[in-house]
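Top line first, the protein sequences correspond to chains B and A.
At position 254 of the first sequence the residue is numbered 254 (the numbering used here), and the sequence of numbers has no breaks.
At position 130 of the second sequence the residue is numbered 130 (the numbering used here), and the sequence of numbers has no breaks.
It is possible that part of the hints are untrue.
As the list claims (entries may be wrong) - Example chain B residues on the side facing chain A (calculated, C-beta under 8 Å, incomplete):
#, residue
1, Ala173
2, Arg176
3, Ile240
Stated by the list, open to error - On the chain B side, residues computed to face chain A include the following (Cβ under 8 Å):
#, residue
4, Thr67
5, Arg70
6, Ile74
7, Glu137
8, Gly274
9, Ser498
10, Thr544
11, Glu548
Just so you know, the hints here were simulated from the structure itself, not pulled from any lab data.
Ideal Cβ positions, reconstructed from N, Cα and C, are used throughout, including at glycine.
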Amino acid sequence: MSLDARIPSGPLAQKWDRYKSDMKLVNPANKRKFDVIVVGTGLSGGAAAATLAELGYQVKAFCFQDTPRRAHSIAAQGGINAAKNYQNDGDSVFRLFYDTLKGGDFRAREANVFRLAQVSASIIDQCAAQGVPFAREYGGTLTNRSFGGAQVSRTFYARGQTGQQLLLGAYQAMCRQISLGNIRMYPRTEMLDLVVVDGVARGIVVRNLVTGEISLHSADAVVLATGGYANVFFLSTNAIGCNVTATYRAYKKGAFFANPCYTQIHPTCIPVSGDHQAKLTLMSESLRNDGRVWVPRRKEDCGRPPASVPEADRDYYLERKYPSYGNLAPRDIASRAAKEVCDTGRGVGPGGRGVYLDFSDAIKRSGEDAIRDRYGNLFEMYERITGENAYRQPMHIYPAVHYAMGGTWVDYGLMSTLPGLFVVGEANFSDHGANRLGASGLMQGLADGYFILPYTIGHYFASTKQVKVPASHAEFKKAEEGVRQFTRRLLSINGQRSATSFHKELGRLMWENCGMARTRQSLEINLKRIPELREEFWKNVKVTGSGEELNQNLEHAGRVADFLEFAELLCLDALHREESCGGHFRVEHQTEDGEAKRDDANFAYVAAWEFKGADKKPELHKEPLVCEEVHMATRSYK
Amino acid sequence: MNLTLKIWRQKNAASPGCFETHEARDVSPDMSFLEMLDVVNERLIAGGQEPFVFDSDCREGICGTCSLVINGIPHGSRKGTTVCQLHLRYFKDGQTVTIEPWRARAFPIVKDLIVDRAAFDRIMQAGGFVSVNTGNAPEANALPVSKEIADLAMDAAACIGCGACVAVCKNASAMLFVAAKVSHLNYLPQGKAEKDRRVKNMVSQMDKEGFGNCTVTGSCEAVCPKEISLDFIAKMNRDYAVALVKGELKKSAAGGVG
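Start from the sequences and build out the full structure, keeping to the hints where you can.
Quick look at the structure:
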């Protein structure tokens, strides 16, 4: 099977307009004849469900949370990028496009990224009209801040809760459609399989998490908006419930999985405090606008109170190494730099795994009130977790797993290799290449949900002739039986170890051997250890309770089972990619000064993996990445 | 440190519940309260007993999923903090801690410490939105909003919909939640067109759901993890009164030429 991204022809700047002019339309009166399933109600899923319902499609939306307003998009703190150029500082669609493509180390599809930059401005208009309370100037206009990887101020924000406010916008739009009867909402419901009939995605199998009831839902198209897989590392900034189950089970049904090794490690998180820890907490990248990152120049000073280390003995390593971007160097680069200084023994705090993020200069310059105004809630959050006051002493921070750039492979129309299966937001692979810039995740989720999928799904309906497949079809029954068997098997093992203990062990393997620095050797260790761990899981996991009730233990065990398979795919992808790019850093491939060394001659492609059966090696398919308008430069932030 | 926990156990809404006592031994003061419960659950699973179910997701104080009453106070005694961000360093070694679900008629118990808060969604569906379709939006800066108003709207919009305000209220009133939601949109010019019908519809849905009345004791404001101000209740009451006084506008005849 060949991978056709179906990118429209013509100059980059005209591709999306050309697509929209050429695409087929569904007559308004016919739209109600099409059923669409949307799984996941974060920014991309919520926006898609609301917009598709507004257009007239019959939408069923599913989420595992108790209400669609709680998806993990809610946790995004810092902001959303858009090429509005309100600051008159030289921003443009092209510049946002170029920053995003370069930020992703030229491993994203050029045409997708350009379209993202094009629609970015409409997102801000849409959200403002919904009543998202963006930060404003006294004159009433919207204000901006700077974010990593950019030299313009193009990030819009709503205090420290931009994600929650944008999600509430999408949720409110969904509420309106629910009240109009255009969306049927299924909260506390988890998708457990995708149903494929004659090679086309036709529906899903879900479990009601309260009653345990399994039900079947058929539709003309299935949209997965199920987020990323960072929890394969156990400790990450993702919510406890985030998982790979929906996209992984779709992969097993034939949807290729692209670039799983592109994972993002965020430089500014609160360091791990102990074994009990269930998740890590991010401190917004926006803090790097005013905070300066440093460690002592000498190892001996690491134990001293930070204020007593004289200016001359501090190493502001980001400012030193990357003078033109300074503390706002992109995430992958800032994370690696933090690891590097800690590896030389100059890390601070417990275990020497931390660096300072210091606000004292900014407080001297602008006053404590100004800093409180900008970041008050973040400082409070830091204080709640660590018990320390960051106005008085620098924060301790350390990198943590945060985001997955990889995901289900999709074409230009956001459709996977399975016709009828669309994948949006973090769940797809499309726009961030090997590294995502700050404030671009919210932008992509809403772009996909509000402005791209609603067009491309209509084109799919209008250009394919499909007969309805009812949920009574044999394939649905087969998938249902598979799900029931899986649940029975988990419950019947009755071993000695909890699902959490397996998840933690997997996470440690992934962080140690497939984290910020990967080597052939470390990846080979994982490729040996993960199957062993998986085997032990299926012999020795202990799941209490039954399948016919609310059973969080069972839910988690199912997700861990998928992580245990998916982790192997991730390591396999990392092993095959013999280059360093963005968040994927192979120690064997670095420049003399320790920067990532890409290999465009051999690896300028999207690696899309096809499932070939349990215990069989997946097959690699390559989608070449061709930059028509820009040069694949060496990425430098110096 | 060690804690003695009295935790609410209830199979489902139809069965009666009761407290069970469990020891949390050798827990660290750096743990969050929920991480301590994770540890207790892991030990229960190891001993072949059923773990307690409780709601949580983001564990960074923003998704509003977690919902425990600790020693009689929703989210525990620390001001402006959700239970997922409440750390054990604020408890005493050897202390006895009671853990219960939200208790309100409009929030039926699902199991153990989990309740059903769908009533909040239904209130939002009654009018907690601006009726604007995707693609209809004017240029964002075409409608200036003063910083003061934008900040006020943001103060209200900070509500995470956890329901602590209902859980603490002796009347199980949802006034603070509904007021925050109404005020967020009613303050902004974008929400003005539907101001009157929004407040009327949302208040009417709130009453239908079986939430109690407000007697302005202020306990809701005191436990709110986002410290939403009681002032918004006054704002909502004003908006509601104005909407009632205005009454229904006469509907014009449907249809048109052509």
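Here's how the hints hold up against the structure:
| no. | hint | in the structure |
| --- | --- | --- |
| 1 | Ala173 | holds, 6 Å |
| 2 | Arg176 | holds, 4 Å |
| 3 | Ile240 | holds, 6 Å |
| 4 | Thr67 | holds, 5 Å |
| 5 | Arg70 | holds, 4 Å |
| 6 | Ile74 | holds, 5 Å |
| 7 | Glu137 | holds, 6 Å |
| 8 | Gly274 | holds, 6 Å |
| 9 | Ser498 | holds, 5 Å |
| 10 | Thr544 | holds, 5 Å |
| 11 | Glu548 | violated, 11 Å |
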